[in-house]
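J.: What follows is the residue order along each chain.
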Amino acid sequence: MEKQILSGNEAVALGAFQAGVKMASAYPGTPSTEILQNFATYDGVYAEWAPNEKVALEVAIGSAMTGVRTLFTTKHVGLNVAADPLMTLAYTGIPGGLLMVCADDPGMHSSQNEQDNRYYARFAKIPMLEPSDSQEAKAMVEAGLLLSEQHDTPTLLRMTTRVCHAKGIVAVDAQNQAAIPKAEGFTRDLKKFVMIPAFAKQRHPLVLEREARLAEVTEASPFNRIEWNDLSIGVITSGIAYQYVKEILPDASVLKLGMTFPLPKKMIQAFAAKVDRLFVVEELEPYIEEEIRIMGLAVEGKVFFPRLDELSPDAVAAGFAKAGVLPFDLPPAAEKAPGSEMPRPPLLCAGCPHRGLFYALNKMKAIVHSDIGCYTLSVLPPLQSIDSTLCMGASISMAHGTAKAMAQAGLEDKRPVFAAIGDSTFFHSGITSLLDVIYNRGNVNVIIMDNRITAMTGGQQNPGTGRTLQMEETIAVDIIELVKALGVQRAREIDPFDLQGTLAALKEEIDHDGPSVLVTKRPCIQLFRQDPKAVRVVDTDACIGCKMCLKLGCPSISQGAIIPDEEGKKERRYSSIDAATCYGCALCEQVCKQNAISVVAG
Amino acid sequence: MTRDKTKTTNVLVVGTGGQGVITASEILSDVAMLSGFDTKKSEIHGMSQRGGVVTSHVRYSETVYSPMIMEGEADILLSFELAETVRWLHFLQPDGRVISNRQRIIPPAIYAGMGSYPEDAENVIRQRTTDPIFVDALPLAETLGNPRLVNTILLGIASTLLDLPLDQWTAVIARRVPATFKALNLEAFEKGRGIQ
Numbered sequence: 001m002e003k004q005i006l007s008g009n010e011a012v013a014l015g016a017f018q019a020g021v022k023m024a025s026a027y028p029g030t031p032s033t034e035i036l037q038n039f040a041t042y043d044g045v046y047a048e049w050a051p052n053e054k055v056a057l058e059v060a061i062g063s064a065m066t067g068v069r070t071l072f073t074t075k076h077v078g079l080n081v082a083a084d085p086l087m088t089l090a091y092t093g094i095p096g097g098l099l100m101v102c103a104d105d106p107g108m109h110s111s112q113n114e115q116d117n118r119y120y121a122r123f124a125k126i127p128m129l130e131p132s133d134s135q136e137a138k139a140m141v142e143a144g145l146l147l148s149e150q151h152d153t154p155t156l157l158r159m160t161t162r163v164c165h166a167k168g169i170v171a172v173d174a175q176n177q178a179a180i181p182k183a184e185g186f187t188r189d190l191k192k193f194v195m196i197p198a199f200a201k202q203r204h205p206l207v208l209e210r211e212a213r214l215a216e217v218t219e220a221s222p223f224n225r226i227e228w229n230d231l232s233i234g235v236i237t238s239g240i241a242y243q244y245v246k247e248i249l250p251d252a253s254v255l256k257l258g259m260t261f262p263l264p265k266k267m268i269q270a271f272a273a274k275v276d277r278l279f280v281v282e283e284l285e286p287y288i289e290e291e292i293r294i295m296g297l298a299v300e301g302k303v304f305f306p307r308l309d310e311l312s313p314d315a316v317a318a319g320f321a322k323a324g325v326l327p328f329d330l331p332p333a334a335e336k337a338p339g340s341e342m343p344r345p346p347l348l349c350a351g352c353p354h355r356g357l358f359y360a361l362n363k364m365k366a367i368v369h370s371d372i373g374c375y376t377l378s379v380l381p382p383l384q385s386i387d388s389t390l391c392m393g394a395s396i397s398m399a400h401g402t403a404k405a406m407a408q409a410g411l412e413d414k415r416p417v418f419a420a421i422g423d424s425t426f427f428h429s430g431i432t433s434l435l436d437v438i439y440n441r442g443n444v445n446v447i448i449m450d451n452r453i454t455a456m457t458g459g460q461q462n463p464g465t466g467r468t469l470q471m472e473e474t475i476a477v478d479i480i481e482l483v484k485a486l487g488v489q490r491a492r493e494i495d496p497f498d499l500q501g502t503l504a505a506l507k508e509e510i511d512h513d514g515p516s517v518l519v520t521k522r523p524c525i526q527l528f529r530q531d532p533k534a535v536r537v538v539d540t541d542a543c544i545g546c547k548m549c550l551k552l553g554c555p556s557i558s559q560g561a562i563i564p565d566e567e568g569k570k571e572r573r574y575s576s577i578d579a580a581t582c583y584g585c586a587l588c589e590q591v592c593k594q595n596a597i598s599v600v601a602g
Numbered sequence: 001m002t003r004d005k006t007k008t009t010n011v012l013v014v015g016t017g018g019q020g021v022i023t024a025s026e027i028l029s030d031v032a033m034l035s036g037f038d039t040k041k042s043e044i045h046g047m048s049q050r051g052g053v054v055t056s057h058v059r060y061s062e063t064v065y066s067p068m069i070m071e072g073e074a075d076i077l078l079s080f081e082l083a084e085t086v087r088w089l090h091f092l093q094p095d096g097r098v099i100s101n102r103q104r105i106i107p108p109a110i111y112a113g114m115g116s117y118p119e120d121a122e123n124v125i126r127q128r129t130t131d132p133i134f135v136d137a138l139p140l141a142e143t144l145g146n147p148r149l150v151n152t153i154l155l156g157i158a159s160t161l162l163d164l165p166l167d168q169w170t171a172v173i174a175r176r177v178p179a180t181f182k183a184l185n186l187e188a189f190e191k192g193r194g195i196q
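Order-wise, the sequence lines are chains A and B. Counted from 1, the first sequence has number 552 at position 552 by the working numbering; the numbering is strictly sequential. Counted from 1, the second sequence has number 123 at position 123 by the working numbering; the numbering is strictly sequential.
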């Protein structure tokens, strides 16, 4: 049997390929992105980046309607975007296997909230599987597709960061695979697929009947299993929390839940009846715990285990210690070493085209509603130039709301209002926001930062790049033409590496009464190799240690050697530019009033 | 109830975005798997690609459950940057070993007044651990011909402290690097093995 170390995401991609999935659609989002990136590399499959998750799910529904096995993936907040089609899809059902993979991000490693999407399965009444490692993630793909086909429903495969990005050993051969059903093609069925109220009313009872059927399925699911051991402690757990429980309490009895909607109530009752103390250990919300409490069983859980942040073996150990499950040898509480509190926040890359714009915006003292992308990092010092970040596509509509409210209420705030949004985010859901501004005669200065890629998630293609996920050539949307078609009369491109030009353009838009769009057009630095001839160096004879260049927050610029003593002057250090990482954007050269920075001589 | 924490080998690999932390931990995981161990590895990336903190937990044993190491239970802290060594010292078990690159990468946030770089990092590490191994891996890698060899040098040092067969190390490294850099990487690995 061939084995590989795979991440949960890689395992899902492999599982989907081996289970005969032919179609996949998604918008990239950490921690889900690598599923489609990997899936797209297999032979004979079609995989695409859709502009947003709602569109991606709708594409997947159209595909599964033909009976073709289909994959949709999203991060947790993306499912909010796709919630609209999901809720009605739960009514229509679907003839082909449709697996919806949702990757939650407990701990918010790269997200704006830490919602628990297990509630979506309960909300939509669709079956949910929760893997605890890569091997199980792979197995659950096929099982989820079968559930989908057998019960006329989409299946939710809910993962979390530590399952998506943790790697474990997976048997990668495709033996013992069930036969892949042949797609029957699209069949007209109006009462099933046209959800006018009269037909939807006929579907709702079917949804409840399906839920009852699934309640029986879950009792027999091989993914729900009891590991009998010491009966004094019984732990019900799912997902990554299972691994922490096994690590911390190897002698406890465990009910490991892999199918978590619906819950196997008979199995839970049988388990609870045999153990002295019943615990639930689950990440984020008390989803299982509350269901068990509703069943009338005595259960302990969130009183000991945190509801905030991701779980860890440490948090699970601390919880059991608090619960008095002792004797127990917690690891010695090692204090953090002095110096370990030093911050090292993520930052815009050296050479990032966003840096010039946010440096300029900082100087404008404007109200800046931002969107979600690398550029959100400009909230940190020294750039500190954005005021809000809510969700994708929201910057433009929020700026519109702020500007309208200030005008309506006659507020004495003279600050101009800007909206900043990336190219991919604009395509995701900024277009409709801009349409609102134009339609409702708003006065917002919109900046679309076109860096020719979806940078935050690691450089994925989008409708502006001219390439598909599978690297086929395609139309590259012209943003200026697009916004003009939406009704924007004042739109132009500017170069964010030209600091004076950028500042002048921003000032010009403030003075202009009415909406406008500036497109900062410079490709993401990750698309290039460094050009050694463009690397900047500091002339130590000219540098006076004024630190102006350090205000750019560029990771290539640091303080170097001490400037020799001059009478009556405080100690200062030369600036220094790291030749290995400088991409030669020349912003530092522009901010240096001493002309101490230039390209390497010769 | 009790737990047996002695059976699993825990290696915490740390550094900053872009240093090659993830690659190093992938090589280590591959070596562990090919040596017959159950192996798990957990990392956080995403934001950390942009110069932030990168950590990767590698665990191997007969059976591994958690992909994450508990605080106070790392056998080896393999660090690519001095201040990051200090940041993760509390993960080390009492007789755990530190292998630390001496490179200092000062975050721009420091110049904006957000805290200070731990100047006496090396002393702090010496006070808290037994026999820490410090290495000037960057200049050494540059002498060998490529700054990216830092990675392989550090793995070479780690290989002398781990119970994994040498031939698996060299096989995995040879397979993972581009053919043109194979000899250079194996040389860097050997250099690392010579450092105590």
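Treat the hints as calculated values from the structure; they're not laboratory data. Predicted model, so just to flag it, every value in this text is computed and none were measured. Treat the hints with caution; some may be incorrect.
[What the hints assert, rightly or not] Here are the simulated DSSO-like cross-link-like pairs (lysine-lysine), alpha carbons at most 27 angstroms apart as the crow flies:
no. : chain 1 : residue 1 : chain 2 : residue 2
1   : A       : 22        : A       : 182
2   : A       : 365       : A       : 414
3   : A       : 551       : A       : 414
4   : A       : 274       : A       : 322
5   : B       : 7         : A       : 336
6   : A       : 336       : B       : 182
7   : A       : 521       : A       : 551
8   : B       : 191       : A       : 3
9   : A       : 322       : B       : 7
[What the hints assert, rightly or not] Just so you have them, the derived chain A footprint on chain B, three or more residues with Cβ under 8 angstroms:
no. : stretch
10  : 106–116
11  : 153–164
12  : 167–180
13  : 183–196
[Claimed, not checked] Computed beta-carbon distance windows for the label pairs:
no. : chain 1 : residue 1 : chain 2 : residue 2 : range
14  : B       : 161       : A       : 504       : 53 to 63 angstroms
15  : A       : 384       : B       : 120       : 48 to 58 angstroms
16  : A       : 251       : B       : 182       : 44 to 54 angstroms
Each residue gets a CB set at the ideal place from its N, CA and C atoms; glycine is no exception.
J.: Taking 27 angstroms as the top limit, are the C-alpha atoms of residue 322 (chain A) and residue 7 (chain B) close enough?
T.: Holds - the C-alpha atoms of residue 7 (chain B) and residue 322 (chain A) are around 26 angstroms apart, at most 27 angstroms.
J.: Is 44 to 54 angstroms a correct range for the gap between the Cβ atoms of residue 251 (chain A) and residue 182 (chain B)?
T.: 47 angstroms, holds
J.: 53 to 63 angstroms was suggested as the range; check whether the CB atoms of residue 161 (chain B) and residue 504 (chain A) agree with it.
T.: 59 angstroms, holds
J.: Are residue 551 (chain A) and residue 414 (chain A) close enough, with their CA atoms no more than 27 angstroms apart?
T.: 26 angstroms, holds
J.: Straight-line Cα separation of residue 22 (chain A) and residue 182 (chain A) no greater than 27 angstroms?
T.: It holds: about 12 angstroms lies between the C-alpha atoms, which stays within 27 angstroms.
J.: Next pair to validate is residue 191 (chain B) with residue 3 (chain A); report whether the Cα-Cα distance is within 27 angstroms.
T.: 31 angstroms, violated
J.: Quick check: the stretch 167–180 of chain B, covered by chain A? Criterion 3+ residues, Cβ under 8 angstroms.
T.: violated (count 0)
J.: Does the Cβ distance between residue 384 (chain A) and residue 120 (chain B) fall inside 48 to 58 angstroms?
T.: 30 angstroms, violated
J.: Hint check: residue 7 (chain B) vs residue 336 (chain A), CA-CA at most 27 angstroms. Holds or violated?
T.: With a Cα-Cα distance of about 25 angstroms, the restraint between residue 7 (chain B) and residue 336 (chain A) holds, given a limit of 27 angstroms.
J.: Establish whether the coverage given for the stretch 106–116 of chain B by chain A is satisfied; the threshold is a Cβ-Cβ distance below 8 angstroms, and no fewer than three residues must meet it.
T.: Our answer is that it holds, as 11 residues pass the Cβ test (under 8 angstroms) against chain A, meeting three.
J.: Going straight from one Cα to the other, do residue 274 (chain A) and residue 322 (chain A) come out at no more than 27 angstroms?
T.: Holds, because 23 angstroms separates the two Cα atoms, which is no more than 27 angstroms.
J.: Is the straight-line distance between the alpha-carbon of residue 365 (chain A) and that of residue 414 (chain A) 27 angstroms or less?
T.: Holds. Residue 365 (chain A) to residue 414 (chain A) sits at ~10 angstroms (cutoff 27 angstroms).
The structure is inconsistent with the numbered hints 6, 8, 11, 12, 13 and 15, although it conforms to all the rest.
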